[in-house]
Amino acid sequence: MALPQSLRTSVTPPELELIASEQLIDIVPLVTMEKTAFISGAYGPLRPPAKARVPLWIAVNLKLKRKCHIVPPEWLSVESLQDKLTRETSNPGFSELPFRFAEISKVILDIASDDLENPDKIRTLLKDIREARQSKSREGISKLDHSELGLSGLCSMEINEIRPFFIKGMSVLTKLIRDPEHPPKLDET
Amino acid sequence: MVYLPPPQYASASRTSYAEAYNKILATHRRSPLTSASSIIILVAPDVDALCAAKMLAQLFKQDDVMHKVVPVAGIADLESTRDELITQTELHTLILLNMGAILDLPSSEWFGDYDPQVTVHIIDSSRPQNLATLFGAGENGDRIIIWDDGGAEKLEEERKAWEAIMLDPEHDSDEDSDMYSDGGPSGDENEDDDVDVDGDGDDEECGEDGRLGKRRSLGGSGQGNRKRRRLGRRTHRLSSEQRETYEARLEKHYMSGTWYGQSASNTVYFLATVLERVDNDFLWLAIMGLTYQYTTSRISRADYDKYHPIFYDEVFRLNPPATAASSATTSLHPDDSSIRATDELRFLLFRHWNLYDAMYHSSYVAGKLGIWKERGRKKLSGLLAKMGFSIQQTQQSYFHMDMDLKRQLQSKLEAISPEYGMVELTYPSFMRLYGFKSHPLSAADAVEAISALLDIAGGVRMEVEVEGARNGGEWFGGGKVWEAPDKVSSEERGKIALVEGVNRSNGGPTRDMTKPQGLGQEGDESEIGGDGGELEWWIRNFWTAFDALTDITRLREALSLTMALHRAIIRQGSSIIDKQDIKTMRGHRVVVLTQGPDLALFAHPGVLSRLAMWLVDALRDRTPGTVLGGSRSKRKSLPFVVACLNERSGTYVVVGVTAALDFGDTRKNEFGLAFLDAKERCNARTRHSSFDTSVLEINKDDLNIFLETLCEGR
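In order, the protein sequences belong to chains A and B. Heads up, the first sequence stops at 189 in UniProt numbering, and the numbers go up one at a time, no gaps. Heads up, the second sequence stops at 714 in UniProt numbering, and the numbers go up one at a time, no gaps.
What you were told as hints is all true, and nothing was included just to trick you.
Here are the simulated BS3-like cross-link-like pairs (lysine-lysine), alpha carbons at most 27 Å apart as the crow flies:
#: 1; chain 1: A; residue 1: K65; chain 2: B; residue 2: K437
#: 2; chain 1: A; residue 1: K106; chain 2: A; residue 2: K63
#: 3; chain 1: A; residue 1: K63; chain 2: B; residue 2: K68
#: 4; chain 1: B; residue 1: K437; chain 2: A; residue 2: K121
#: 5; chain 1: A; residue 1: K51; chain 2: A; residue 2: K106
#: 6; chain 1: B; residue 1: K68; chain 2: A; residue 2: K67
#: 7; chain 1: B; residue 1: K386; chain 2: B; residue 2: K373
#: 8; chain 1: A; residue 1: K35; chain 2: A; residue 2: K65
The set of hints was computed from the structure by calculation and includes no laboratory data. Quantities reported herein were computed from a predicted structural model and do not represent experimental measurements.
With the hints as extra help, turn the sequences into a complete structure.
Listed below in structure tokens is the structure:
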């Protein structure tokens, strides 16, 4: 596996992407389909050109076969992301973003960038937002303490990033608190 | 109904491409035995067929249909493939790309014996088409479908002639006087039917080419015939003049030589348009197919101009027009993969070489200026100087040339070149942008790269010039041997079992090798000498080229290979002209290559054909056209025959080209028939190894007799 040791016990980003693909998204189908039962539920019917609400994985599958167009969610637009970015940089807390925005935006940018307007600008904005939040979460980690850490507004990928370090760090701190005389060895990170 | 009219002629009663396609899908979905070998696509090794195969594969993949792409090299290969496929029970659709239009497919020799549930679709650009396949109806006929481009509508006369002759078979088999002795086997077949088949028009075709299996005999469509015989025999007797006119008609259809109609990729593109599934990738592949036909002189400039506007409109439909501010060839954003229309200069690969080289290597310029002589080279430098390019500029790689020079290049060329007798230097074509990944590539360059890959990606050592080696090259050494990047060995290909529904036919090499040679399965990768090794290289080339169709990095790498190939061709061509190696035999120009540094390279038919075309272009103005003796048309043409010795197998590869007098025009290539004729008469040992009837391999001892018979016979 190519992941560093520390991340191997947690969920990997592709797995998170898979989990995020369960979320519903709007599409404009180009083919008709009756209401069909899938393992996770029944979706459809698809009647072009009316919009339909299906899970992201169905949308991806249809899009790759050129059988639908994806309607990007409202938060995935230049204005909305610009707005979030300014809020991110001006406030000390994390701004409100959909919990799985990173996975969903990656999937949509990968396969349906022609359905977005100005995908390059969106990519740059997303990158900026990520960097802003990353700096904040780094600061937050420095306030790590043995009993709790409050970082509200973190999103799924970010939580996944922090989790191994966080867990390890907290366990070390807990041991320190209990027995300050004998600090635990720190080499097993 | 055995031929499909193109969509513009379709109506409620006449199905067209889309219905045929949907039927394939329906059969696939309903059949219980569906597997990856239910739909098999047989592909001839040329760029057009490759593009069409790629498009079809994409369409099938989008519809979740499993299929298999099998490369087929020539008639012999097709026969062995057919024998193998007849045993597979789950097969229900066979698609032939750029092969088989001339063959009488409903006959039992070809596909007549197949299971009734199998349908055979033929998408072929070569003409003439076999009339039995086009018009033959009945049980066997219905299963074989030719996708036509509208040309068959115009064959009304031929249709009447063929049907009349079919309905009224001449006499009984005792009257053999009209039949060639080849009628023997067909006579046997007919014993049951007692039908003497074929009109003599078809017979002549029998006599011509036993080898190609044209010797069929409508005995193949036996059942239909039997019924018709009972009805028709007594009532319609054709008078002998009528018969003669009909036979003359059929003869004219088959004997006037070979030419090309709409490209296969164009046909598949129309299919995709009707299904409303086109995008830039499809459009680019179709453009490549068309450009290939034009640059290899398969279609004339007039035909090219007929198809070009269609693509021009499509490009504008699918790609938003570039704004006036940006130049037509800069990418708007990093993932820009749009297609733009440009005017293409006739110089080969001129954006990848320096200007001097590009003009030097272009056959058109070479011919007009006489590049092989020192005087001609001076003329070329003179021309460039007149246009205002300094020598240093012209030796610079194109990308490093001054911007203003690039912009003025076209207008200056148009102004100055008529003085040297070069007109028509540009033709409208297309370019594809690749975002920030690489510079844009023109259609002609892409076609050149792919055909170079097909011909010589493997199997031949090509030395390629390293960039920067020229000026100050002593530091960097000479060339390096070109190698296909990440050469996936064919074993690995076999292990890639069901990648996205495309099962590569690794069955190909092993299957063909076990038959004639009895080599084992492990014979895949190792270079087993002789024919085993030879079958390997072209299949590997096929897949390398297939992959490179949509992969820009591979394409760019192939460009250096193309340049090396062209240099070799120029070298050889110039030395031929210099040494006055061209013999004239009764109006034919004949060149025989027996030695030279690149002999192994020219033993490949594709490369040899290119050399022939180059020679034709170069010598167009210096040789008077001739009217061939036995040919049908009274127009003058330039018949060229080029032969090259293949030392390893002791044979000569011979290529015949009938070129037109004007640049951009074409003539029907009569060499297919001429070769067969000559072969019959002098009993030479020959072998047709490709689908092109004007290419053959002949035993080296028979070459001289063959050439003489060929030239005197017409």
